[in-house]
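Trainee: Listed below, chain by chain, are the residues.
2 protein chains.
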Amino acid sequence: MADNKFVYFFGGNKTEGKNSMKELLGGKGANLAEMANLGIPVPPGFTITTEVCVQYLKDKDYPKGLLEQVDAAIVKLEEVVGKKFGDNENPLLVSVRSGARVSMPGMMDTVLNLGLNDASVLGLAKNTENPRFAYDSYRRFLTMFGDVVLGIEHDKFEHALSEKKHALGVKLDNELGVNALKELVEQFKLIIEHETGKQFPQDARTQLLMSIDAVFQSWNNQRAITYRKLNNIPMEWGTAVNVQSMVYGNMGETSGTGVAFTRDPATGHKRFYGEYLINAQGEDVVAGIRTPRPISTLKEAMPIAFKQLEEIYIKLENHFRDMQDIEFTIEQGTLYMLQTRNGKRTAAAAIKIAADMVAEGLIDKKTAILRIEPNQIDKLLHPMIDPQATLQVVATGLPASPGAAVGKVVFTAEHAEQMAESGAKVILVRTETSPEDIGGMNAAEGILTVRGGMTSHAAVVARGMGKPCVAGCGEISIDIKKGVFSAGSCSIHEGDYISIDGSTGHVIVGKVPLITPEVSGELKTVLKWADEVRTLGVRTNADTPYDASVAREFGAEGIGLCRTEHMFFGEERIPVVREMIMAETEAARRSALVKLLPMQREDFAGIFHAMEGYPVTIRLLDPPLHEFLPNHEEALEKLMELESKDAPESEINKVKKVMERIEFLKEINPMLGFRGCRLGVVYPEIYEMQVQAIIEAACELTKEGMTIVPEIMIPLISHVKELQIVKQQVVKVASAVMADKDVKINYKIGTMIELPRAALTADKIALEADFFSFGTNDLTQTTFGFSRDDAAKFLPAYIEKSILEHDPFAVLDQSGVGELIKIGIDKGRSTKSDLKIGICGEHGGEPSSVIFGHKVGLNYVSCSPFRVPVARMAAAHAAIQEEEMNKK
Amino acid sequence: MADNKFVYFFGGNKTEGKNSMKELLGGKGANLAEMANLGIPVPPGFTITTEVCVQYLKDKDYPKGLLEQVDAAIVKLEEVVGKKFGDNENPLLVSVRSGARVSMPGMMDTVLNLGLNDASVLGLAKNTENPRFAYDSYRRFLTMFGDVVLGIEHDKFEHALSEKKHALGVKLDNELGVNALKELVEQFKLIIEHETGKQFPQDARTQLLMSIDAVFQSWNNQRAITYRKLNNIPMEWGTAVNVQSMVYGNMGETSGTGVAFTRDPATGHKRFYGEYLINAQGEDVVAGIRTPRPISTLKEAMPIAFKQLEEIYIKLENHFRDMQDIEFTIEQGTLYMLQTRNGKRTAAAAIKIAADMVAEGLIDKKTAILRIEPNQIDKLLHPMIDPQATLQVVATGLPASPGAAVGKVVFTAEHAEQMAESGAKVILVRTETSPEDIGGMNAAEGILTVRGGMTSHAAVVARGMGKPCVAGCGEISIDIKKGVFSAGSCSIHEGDYISIDGSTGHVIVGKVPLITPEVSGELKTVLKWADEVRTLGVRTNADTPYDASVAREFGAEGIGLCRTEHMFFGEERIPVVREMIMAETEAARRSALVKLLPMQREDFAGIFHAMEGYPVTIRLLDPPLHEFLPNHEEALEKLMELESKDAPESEINKVKKVMERIEFLKEINPMLGFRGCRLGVVYPEIYEMQVQAIIEAACELTKEGMTIVPEIMIPLISHVKELQIVKQQVVKVASAVMADKDVKINYKIGTMIELPRAALTADKIALEADFFSFGTNDLTQTTFGFSRDDAAKFLPAYIEKSILEHDPFAVLDQSGVGELIKIGIDKGRSTKSDLKIGICGEHGGEPSSVIFGHKVGLNYVSCSPFRVPVARMAAAHAAIQEEEMNKK
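Listed in order, the protein sequences are those of chains A and B. Taking my numbering, the leading residue of the first sequence gets 0, the next gets one more, and so forth. Taking my numbering, the leading residue of the second sequence gets 0, the next gets one more, and so forth.
Treat the hints with care, since some could be wrong.
The list cannot tell twin chains apart, which means a pair is met if one copy fits it or any two copies do.
No farther apart than 20 angstroms at their CA atoms in a straight line, the calculated lysine to aspartate or glutamate pairs in the EDC-like style are these [what the hints assert, rightly or not]:
#, residue 1, residue 2
1, 155, 192
2, 726, 799
3, 665, 431
4, 644, 58
5, 424, 495
6, 665, 626
7, 188, 769
8, 125, 699
9, 523, 88
10, 155, 185
11, 306, 274
12, 800, 585
13, 835, 70
14, 763, 818
15, 188, 162
16, 821, 762
17, 164, 117
18, 800, 684
19, 763, 804
20, 655, 632
21, 365, 58
22, 523, 192
Simulated from the structure, these hints should not be mistaken for lab results. The structure presented is a predicted model; accordingly, all values stated were derived computationally and were not measured.
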């Protein structure tokens, strides 16, 4: 607190602050000062700085000199306004409002009409010749002061007011006469005395200091803390206090108050949008007792004030170069501005306003880009629940894949497929999903699971498909046998309608109306601008030609991760895959693989075709083999069924063999088990088949004149020697195929970096790799020692207790996992400077993680198709931020 | 190859090499030169350097000038010996032997009598007046040359020899007359021609060059490669070739040959020990056809030679200051030394010799310490299989806990306890063990498991108990219902005797005789010396007062890891633990914990008592809770049993509840699940009870006048905030107890560093921790992404393919996991310079890992009680090595 200046005056040509002082004066205070500087009529007042708040909360006392400065500011205010604070004849009344750097719900809001007491109310009545107004102001002040400063339940005052109206047989507050208001004032003072044990303070200065106190204290109330936590607002910011002379919208039919937006905050259309109330003060507009009138009617009601308002809002928008959210009061025909700030807007509006303002020459493209939160874009691509709808939310899980869906409950993937075939819309409800459920997930409108986190199988696959998913909804429990799931006291049967909202995690009983936001041309425009500035590539994770083409539509510049295991689950394939797994000799395994070869070749040809001209990174088989076998219970059931109907010994033995294999392949920690390149090392023939299929498909399409860029990716490398061995196999097979087909394919061989050891020894691994792709899902699991399938048991408590700010499977943990990524990049490029590096975990589509990726020097990120536009926008943000840093 | 000198002469006062040139001349060559320098009679010869080998194998050709130098050396040799190489009248015969820096079985060994051919054999016969000797030498040469140079199966020659003896009705080789030998020579030449398609080369120089070639080639034969891999010998060392003039022990009754040790290699006693054969050459002694005579009888047989031999062996031992393994030949009364080298010895002998030589003033203490391989000590502490016994090994698993055991097969822990109670010795055979099996493991003589690696539950617990264990023996399969396990074609039933050798991994049918090596006073002496030089502390991992006192006997300076979960499995405890887990409210949980409190307090009091004066690091509860519940199958069986006998509803419901809980707590990857401090964060009351028990026990004993040093260790920290939260709880409870008891305990709070994220953010974590303890088991699991329970499926292939040199759960992976340890230490000490750091994984007792720990600056290692002496010795090695490095 270098200069010991704690108080900044605004209005009456004595303004000391300005717009750029938001850190010190808070948003509201800085903007009031700025409006005053612009010559816009603002009721004069002063702002106590955020620094005072921080010191006050730390020391439990005000900094030396504060009270003197407040008193001096009051004196200045008295001079400017021509009234005296605490005076009985011509009292200066003020409002007291909090104002942090950013708008913060949950903090103490507003005390109006401060300075009134039993004596000054008489002066006000006399001066305004309006005793009703004076007592109405007084009872409002008592209510607000009692509520927000003294902490008395608002209901206590409301109750007395209602009783009074009831007794008098009136409905609206403004129908109460002066006597009734006088009686209420007395009642309210008694309530205060009764509730606090102390009399209502008649002294204006005491009222003021108590209110300032209350504002500062409210920075640390529970709601404010929670809000800050949710929105990553540092505790250290503190709030400012704005003390402003009162103007009155409740002085009769030529007075009023209103709020407005300079453009439509829902659609972004360029039209003045808002509402107002005649003869009303402050909260009346939002309280909803009287219905406010649309702002357009003000033109007729008060043409002069409206014209002035129009000029001001245009001036403000041009000055701040952004859509403004304004508050105004008209006191007996004179317009005053009480607030201006950048207006909140829907995703669609954000994009339209940004694009329009560029067209209008108000802002440049980069500013437009920064105005759009990357995450907002995602909302535009998914159906959402009509905000007007009333919802019966019976449970809340993790918002695992955005968008909303409505359908009939089914409990098995099989059933989902049957129902969908017969034309029904279904929601697949499972304890957890496994790769076998893919068909059913695809057939369903949305997926709801009891277990699993943001990167559980259900979540990952649903995001890939662009389907809504609520995961890890531990509040529900499923009884498949009875065909019912329960959520609280609710029982929902198979076939009942439910709705899920994958953006909020809500599970809702019944059918809710959905709206599908339109993808506007402006979105395409701003994404094009984003592409112009970003340097980070954006690819997609896609396993099918359909996904690949969707992603390409969304602007993906290649595939960063094509998982080959999902292809193994097709109906005609899984028996062959199982044959391969059941094989006891290499020869038997090879003969099964020969059958899979043409299918895989066809898969790859389709994907190459859809991504023609762009690189396609194909990860060789990764999951443990037991994932492809039926689970133990299923096999046991099958066995019992066969035995019960006296099936032939040979059939029974077959099932028994499968069960033996299941037992043999069973793993205690499959995540850390026999998977990834470990399979490739022990059973080279599997990877050989896959490489043959990849290169054959590439040769085929190359012959047809297409440009095919295959990148073969080896998963789960922990030691460079694994890569050496597998790479040798890959090169051998690829060379043989190319020689056979007489085509030269310019393929690359790279590796996932998804284990700490790989990152720690990346210098050695880089020598064998054309590219790295950080598998941040697995890397997060091993770095934290968190199983993403099991973390639901403690992660919520971890977020709750602020151990973690975010689910690290959703938002990359920059200080831990990110540190390992940095080590991996540094070491990798230390031995191969032109190493191409990307990430292909779920984080590739999460804005803060994308920005981190840009900062640490990745070449590209890869994410599910529907996140591609988000990643493009985030990458643009990162590039612009870097540019601005460099300017400094 | 700076000076282009490829050949070094020795003997005849023309010796060019010396002992310190082992790298260049190999061990044998350098020692032959050294003996010549000492004036000891050595048949003259020359050594071709290891550099030639390396270049030859690289370039597939000899360096320029080599052949000229060999020819020159032959000329010099001819001059010294007075015979001519390839001469028909007075032929110079030579031996050709390989000689790497260290003795290496599997390489080409020896060709004797080289230079003989159809003409020179006549000259030899004439010169020696002993045609039988000449042809005997020739047929030996043909056999050796055919076998080791030309690669013809030795059996082919043996077969012909046997037939000849059979035809002539004699038993021993030396009963064959000259004619028979002549016929054999002809036969052998035909065998060579038949097998190689070429005639036996009559030219002596050709014979020599082919033999040199064969020695160099043998460096890369499969057996040599395997041996090098097993013993960490670099490929780049290469081998030297020694060409030496022949002397003959087979020239009649005044000739002979023998091998001897300067001290007893089995016991270390100071007595000349060895054997010899009269009228024999080279291999005859070891071939075992004739029984050699003890060396002591040589004194009578050839007193002069024996006296000379005595003088020489004493000279050699004094010169080399180590026990020597010597070879000699007596040719017609004249003694020649053919080899001296440091002798291999048993663990017991190594220790006795080292201690004795210090007492004799031959070596200093540090040299004595370096003479003892730390791992050797381990063998002295466990029973071993009598090396004389014949074994029927039916399967081989991992050598998971050293020592051998004999007992009757049992398949359940329960049964093991019953049988042991009735006095039987049992071997517990399980697919895998779990904490519930502890009782049975303790009752058994040894443990054999089908699954799991070197750090599986069975292995860790067995090592802790000092019990032999063979783990991960995938070759056997158990059928518990039938009460039998099969190994190959063998079926072994419950109650049958088997033996296991936990040092080799062997599973043996029947009872084998065991011997228990005695722990000598010399061991204590050298361990005391080790303690004098080492700077690294050695603690133990111990969970019981008994383990603690065993470890203290072995020299442990405190407990580095006391796991509290094993205490939860006691018979009277597990029901209370389950009650705690089944509790649905905090209150219910607390009421179960109250019952556990006195038991835990007693546990800790016992351990503190046993370790009085030393720090005791107690890890708060770590494993996931489901480990304490029965498994699903057991519960299901119980349920079916209750239902079948129409048990009351309430009992059935109780089991159903347990099953629900099992289902709820089930984890897909328990290693990465709801365990460690995650339990402490979510259910603080569990840790509160443990801390209360720890501090109460400490207070109690302190009041009795003991010095108690508790260190409370929080497991599985990934984020500093976890530690902050848990630490707060710990401090709160500890302070309350100390205030209540009015005792001040100087306790510490520290954390395991066992997750990559903890190491990566150790700078932050150190601010909250008094100490770090690297949990290298879990750190290895997460760094590699290897589940120690599942890795058996691919780890053997990884070792086989040289992807990994060692099982990383047995030998610390220094370049990956070690890198993370270094990061953790550097970061931790960057914010807290006096941070105490140890490791408490299984690696704490593995010598190379201990040495690594010393290098990176650990304060201590902690290992199972039986490994404590090993760690003390390894720590001493590390300190001496560092001292020597600093001298350079």
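Trainee: Please write out, lowest number first, the hints stated earlier that are contradicted by the structure.
Mentor: Result: hints 4, 7, 8, 9, 13, 17, 21 and 22 break, sorted rising.
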